[in-house]
Structures are given as structure tokens and as C-alpha cells.
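**Q** Chains as they are written, first to last, in my numbering: chain A, 182 to 548; chain B, 140 to 740.
Just so you know, the hints here were simulated from the structure itself, not pulled from any lab data. Some clues are possibly wrong.
If you anchor each label on the Cβ, the simulated ranges turn out as follows [to be verified]:
| hint | chain 1 | residue 1 | chain 2 | residue 2 | range |
| --- | --- | --- | --- | --- | --- |
| 1 | B | G500 | A | C477 | 25 to 33 Å |
| 2 | A | D452 | B | R407 | 55 to 63 Å |
| 3 | A | V511 | B | D242 | 40 to 48 Å |
| 4 | B | P467 | A | L285 | 41 to 49 Å |
| 5 | A | V511 | B | R174 | 42 to 50 Å |
| 6 | A | A449 | B | T152 | 50 to 58 Å |
| 7 | B | Q725 | A | G419 | 25 to 33 Å |
Every residue, glycine too, gets a C-beta built ideally from N, C-alpha and C.
The primary structure of each chain is shown beneath.
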Amino acid sequence: MGHVVWFEHYTSAHRCAVGGKNASLGELTCAGLPVPPGFAVTATAYSRARDAAGLTGTLAGLVAAADPGRPQSVAEAGRAARGLVASMPLPDHLDAEVREAYALLCERCSIPDVPVAVRSSATCEDQPDASFAGEHDSYLWIRGAGDVLGNLRRCWASLFTDRAICYRRQMGYPETGLAMSVVVQKMVQPRAAGVAFTLNPRDGDRSQVAIDASWGFGEAVVSGEVNPDNFLVDKVIGEVSQRTVSRKEIEYRLTGADRVEPSPVDRARQDIPSLTDEEIKAVAALARRAEKHYGCPQDVEWALEATLGAGPSAAAGCAVVLLQSRPETVWSRKPPRRAATTGGSYMDSIVNSLLAPLHTRRAGDDH
Amino acid sequence: MADRFPSPFDIATPPGAEGWQELYSYSSVFSQDRREYEESMFWFMDGVHTPEVVPPWDATILEFAIIVLSQYNTRHYLVPPALGVDIRFLNGYMYLSPVGVTDPAEVEARVPQFLQRAGYYFEHWDELYASWMGKVRALIDELEEVKFQPLPEAEDLEVITGGLGTGSGLELLTQYNRLIELTLKLWNYHFEFLNLGYVAYLDFFGFCKQAFPSIPDQAIAKMVAGIDVDLFRPDEELKKLAALAVELDLDDAFGGPAAEVLAGLRDRPGGDRWLQAWTAAQQPWFNFSAGSGFYHTDKVWAEHPDIPLGFIASYIAKVRRGEQLERPAEAIATERDRIVGEYAELLGSDEDRAAFQAKLGLARTVFPYVENHNFYVEHWGHSIMWRKMRDLGGIFVKEGFFAEPDDVFLLGRNEVPVALFDAYHGWAVGSPARGPKYWPREIERRKGIMNALRAWSPPPALGVPPEVVTEPFTVMLWGITSESVQQWLGGADTDGGLSGFAASPGVAEGPARVILSADGVEELRDGEILVAPLTAPSWAPVFGKIAATVTDVGGIMSHAAIVCREYGLPAVTGTAFGTKTIKTGQRIRVDGNTGKVTIVG
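Take the sequences, apply the hints, and build the full model.
**A** What follows is the structure in C-alpha cells.
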């Protein structure tokens, strides 16, 4: 098996080799959802490179020497290990395989040095991915094969953050099987981006899609640096049932230096909705497709592609792309809402409706 | 923000309207006799049915409507927490007040009776509704048979030779009493099913809101809405006539005054065929009022062919532009099934799904009545009733009492038989009746009062705001909720926007046109947003032109809301201040999804 798995070639057999994030992107791509194209660099690539560089024992030794009780020793071990991994050479065949895949991606997108996001995709339970949100690294707007390879190593190096080292030591996970897959995905330059839940997180209403949106790259929304616009869309009739437009003071956008950085939002755009009604509906429809695919409420990240080439769903007249989808965890664990009053005939129910008038129930809103 | 509305006793009579109270029933005006009770109640102005000053005779119909609505809640079905709706006229405007049952023991005692009585109607709905249709058609025939004949110089010889033994004076009084009796009966029929229909709908509505707190109101309405609705038939007929005109190559014959258009068609090849179709459509579908049907001034299509011909001309223009006129009934049905299926799937349990289907089933059983009765009563029945009353007005004109037949509507319902008796007396005795001396002056005085009242602007509500509204009509039809009451107390939103009911989905922006009465609808231009106290179903044909609708009054089941959903037009209803806040020509944004109206420039 090669060390590169394109999203569209993903099968469940790859899951362990490509990690959760890649698996999700692969599955969504195969389901026909508009995911920006890209590929996974498998976990084996890391272990091959590490072995070829002769670092296996050294790294295990550094970690073993760290004492979780002494932060200083962990920091020193981590710094050393990360330095080694970030600068280790890749075996020629592996280096060529990644370069080839990136070249093909550029060709497919018809963009020379297509900008990509390089992100870690944890493969096994010994990596605190979900519970350590943001722990593993994510590098945005990377252009050119050399930088892709460099950031691939930086992702690998994130296996040796202080926190990851402590976690493995505390949980007693061995260093031997340690590996990490990496996502290389074409980046869209979004006019707006954000997250969406396929239920109303306020009351668990499953007939609604709740969208948080703001200007520029989705990082501002995900990190909570901006107070996003909030929209509620009814899944069935597809209409926007509620909208709250917030003051959006910062956005992540591409700077003159070709880097994605937080910048102030110009005055004129601060108080206007970051999505049109059409766009809101397109985001909701996309979230709903992800939900239907997985068969349970989802928490998705999306972006509204602005300029960069033809979006995957440009043919459908919109350019909303899906960047991630994972199961919603809060309401999904609770028993579903109940509406029917137990027992009694329809007449009893009518009497109840009359005695507890709608008016008071709506005013109460205590669901 | 105030915590209550002005007392009805603090409202001054507009200058020039002194004595207006005497034009209305003594029992339907605020008085010192019942001051304590009246000041303790909450009164809202019924802009849904009576956005304008109600002429004295027209008040009859409103009194009939309200008394029967009330009797069904209070005495027929014993709706547990709700009695009727009280009615008062103030400066010529109608104010209503829902009356609840306050004693919990009494509410409890009414429950078994309600279960038995309402339950019987729900169980036998289809057969009872079929019987209703027969009853109301027979009643309409009886109304049509009411005839007001002028008093003859001498009775026909047949009266003598037939040994009839009664005369034309008695007949005139009898016919008037008959008209009153039949109209009250028409209103009894109107409410035979309506309260129960609303109750069943509210039950389904409440269930949906419980299951899906954020479900839009119009999604619920869409699940219940009928496909073939008699109320939309008049408009359907116009579309068919427009299509036929294009098919017969007659489309250039439309656009002028009715008499010329119809005369011109007679000479055209194919014109006969079109005119036959035109005549065939009229009975019964042109017994259709251009207003709410509650005013004698509301124009009826059958009597004003310019109205339907004007709509036909605008439909012809649409056909020429290649637009589809006919409602895609099959697509609407498929969409309705899809909506129902998807919400059902989103429910949390099979138990909920079973309850959902049962409640939806009941709501759909009752809904054809809720949608259709309006055509048979307010349009067809009222068209005949107003026409008969004008015939009677013609008799008064002939007797020298009035200058115009319509002057009869400046008399109260119980003044008419007295005036008739005066004419009868003069005719019988062969002496001068007092009427020709008395009424011309009195009619002028009353016209002056009406004009003075029209210049007054009624507050949306009076008295003490309610804690809870339990009367089903107040919520569903008039859209009175604690939110709307609070909004009235607070006035318009501070940002200059307005809010109301999200009555029909979609968002539109465009220049506003404020239309205060049915006669103004012709001023509407393509792409404008209609801002009106209310809209009537019969305005349907103008909806092809406009971009959205904003009304001052009405809930999600008001006629305006139903028609706007039908025509896919964004609508915000019940804004209270729409026509006062928005000026013609201002650019406004109407959000039919959230119920917000914003003035953008």
C-alpha cells in the first residue's frame, strides 16, 4: 500500500491508517458531498520516515526520560523530540510520493502551487484528539511542495507536544506504535465560514439547522474570537426561521504576505449579515446532507468559497463546501423530545390544549 | 411603557360626531350603566373585519356574527375555559373583548359537556358538513327569494279575487323581517363548525410547537391546507377565462371599460364562446366581494364586472409573458406530503408519530370547512343580502324618503321597520308620510357624523391587557397574543422597524404602497409592497403584481395569511402600526420568515 490515499479512494479499510479527520473527509467525498479535494498521508509514512532516519530509539528514550511530575523535563524532552522530527529527512520514495500527489492536486485544481491546509489526523486512542481539540497542529495556506513537506513534518512533530507526552505517560501508552496521519487539502478562500448543527442546540429541536457564521476563514468562529451571526433554518420547508446578526469585529483573511491572519473587519461589514438567505439555505442543505449520510445529528464546519477556482459544487449554483462533519454529542445523548401526552383520547388532548393555551406555552418557552 | 390601554370612557367624541351613539344598538355602546364591567375588560379593535367606520345598518351583521360565535362557545359546545366575545362600538369602530370562564370549578364542570358535544361533531364531521352544505345552499336560495315590491297605486285585482286577505304593506314588512331572520340564520350556520375547526387546528398547532419549538407557523398551516378550496375558485375562474381568451385569440379585446369590452367581444369570432364561459363562471363564483364582505360598500364582482375583467386583463398579460397561471395542484399535493413525511420522520418516537398523524388527520377533516365557509357566507350570502337591502333602499327612494338607495344603511336595523311603517301608513291612509320631510335632513346629519368619525384614528386596544387569552378565535383569527398586546403598549420598535406574525415565508424588498381600502388596490404597481390595514381574499389577483404584503391586523389564520401562502408571497400580518408607520414610496424590507418589517429608505 502506498502512503497517499486520495479522499475519493477512501474505504473503511483505510480508517486506521488515515485517522479520524481524513476518514471523515474521505467518507463525505465518496458520499458525493462538496468537500475540497485532497489526500491523506498515512500513518505508516511517519513510522517509515522515523525508522529510516534512525530516530525510533532516540525519540522513545527522550519521552521515557521526561518526568510528568516535572514540567521542565517534559518541556525539554518535547523541544528536543519536535526538533528532531521537524528536521528529519524523508526517504526518497516517500518524498517523491507526496510531491507527486501535491503536483496532481495542483493540476486537478488548475492552480499552480495550490494553497492547502496541512492538518494532523490522529489515528489511535493513544492520541487525545477529540478531548484535546486544537492540540494537534493545523497549518493554513501552505503553497509549494517544499512547504507541504515541511509542514507535514511539523504535524508529525506535534506528537511530541508537552501535553501529548504527559498524556501518554499518564495513560501508560507505549511509544512504539505511535503514529500520525496528515491531511493535505485544497484550501478555499472563503468570503464567510463557520459551523452548523443539525439541531437547535438551545432546545434540541431536530427540525432545525443552527448556523454560526462570520466573515473570512472559519477559524474566527471555531476559536470563539468573534461573536458570529446566528441563523436557524427549518429543515423541512427550508426557510430561515430565526436570524441574529452580530457585530463581527475580526476576521481571518489572507494578508498581503500570503498568510492567513486575524484582521479587523472594515466598518461597513461589521453589522451586516455574513450570509444571504440563499447562502444560509445552501449551508443548511449541506449540513442536512451530512446528517442524512450519517443518520444522526451532525456538527459541521463549512465555508462559502469566494474566488479560488471552481468550487466542487459550483455546478449546482452555489459554492458552499464542507470542511468537517462529526456527530453532535450533547443532545444526541439525551432522550428525544416528547410531544404526545400519554394516554387519553384526542378529545382529552384537545381539552388540554384549551386549558393550557398555546399563548401561555409560547410565552413560557421553557422547553 | 404603559401597563394598560386608555379607558373607553376617556375617549372623546370627535368634533362633528356628537350623537353617534344613537346610531348603534343601545346595548352595543359603552355606557355608565355597565362602566365597572366595561372598564375591567380588555377590548381590541377588530381591524380584521372592520378596518373602517361601520355604518349603522352594517353593524347588524357584526352583531349577528359576534352573537353567534359567542353562543356556540358558551351554550352549544361549552368550550371549557372560554365564553363568548363581547362587542362595543366606539366612535363607529368595533371593539371586541374575549370573555373567559374564571372559576376553575366551572371550567372543570364544562369539560364533560364539551367532550360529549364537540366529540359528537368531530366524530360525525363529514356527514354533518355534507348536511351543512345542503342547508346553506337552501338558505342562499331563500335569501334570493326575498323580494321588496313597491307599494302599488291599488292592490292587484288577484288580491281581491284570490281572497288573499293581506296587502303589500304587510308584505314589505314581512320581507324585511324575513331578510333579517335569514341573515341571522346564515350566521348561525357560519359558526356551526368554525369554533370546533379552530380548536382542532390549535391542538395540532400546539403539538407541533411542542415537538419542534422553532417550527415556523406557516409550515404547520401548509400541512393542513386543502388543495381544492372553494374560496380560491373565483380567482381560478378568472385564470381559466384569461387562458380561454388567449386561446381564442381575443386577448387584445381586454383592457377598456366593462361595457365596451363585453360589447366588443360579441362581434368577434369566438367571442360568443368566451361570453358563454364568462356567464357560466358567474353563478355562483362572481358572488364574490372585493372586500371582507362586511360592508355594504364592498363591491361584488357580479355587480361590478370591471373588477373581474381588470383581473382577467392582467392575467392575459401574464399568459403573454409565458407565465403559468394554473396552480400546480399535483405539485402542491406532493410537496404537502413531503413536508408531513419529513416532520414525522424527525419526531422522537413512534408514539409521537401516531399522535401527529391522528391530530393532523383531524385538522385536515375540519379544515375544508374553515377554508370554504367564507365563500358561502361572507361572499355569496352577503352579496345577496346587500343587494336585497339596496332594493329596499330603492323603495324608500321611490317614496321620497332617501336620495340614494344606499342611504338605507345609515339607519339601524330596528329603525328600518319603523320607517317602513311610516311609508306603509302614508300609503294606506293616503296622507303624507313623515319620511320625506324627516329623513333627507336626518340622512345629511348622519353622513356628517360618519365623516367626522372617519377622520378619527382608533387606538388598537382599550382597557386592561389580558394575562391569558383562551378564546380560540382571539388567538387564531385576530392574532391577539401577549406579544402583540405588549407591542401595542410599547408602540413601534425603537429601531423604526415593525414586527408582526410571520404569516407567509420569504423575504422581499421594494417600494411600499399604503392602501387603506379595497378601492385603492388598483393603484398598486408591479414590484410594490402592499401595506394595508388588512387584505381580503378577493384581492388575490393583485398578488401577481406585488412583492410582499404587510397588514396591521390578523393572525396566521387570517384571510390575508391564507391567501399569501397560497400565492407564495412573503407576508407579515398583525403589525398594528404598518399603515401608520410606513409611507407610500418608502423602501421597506419584509421578512415573512421572522415577522420583521424594516424601513430601509
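**Q** So, for every hint listed, does it hold in this structure?
**A** Verification of the supplied hints:
| no. | hint | result |
| --- | --- | --- |
| 1 | B:G500 <-> A:C477: 25 to 33 Å | holds (30 Å) |
| 2 | A:D452 <-> B:R407: 55 to 63 Å | holds (60 Å) |
| 3 | A:V511 <-> B:D242: 40 to 48 Å | holds (45 Å) |
| 4 | B:P467 <-> A:L285: 41 to 49 Å | holds (47 Å) |
| 5 | A:V511 <-> B:R174: 42 to 50 Å | violated (57 Å) |
| 6 | A:A449 <-> B:T152: 50 to 58 Å | holds (53 Å) |
| 7 | B:Q725 <-> A:G419: 25 to 33 Å | holds (30 Å) |
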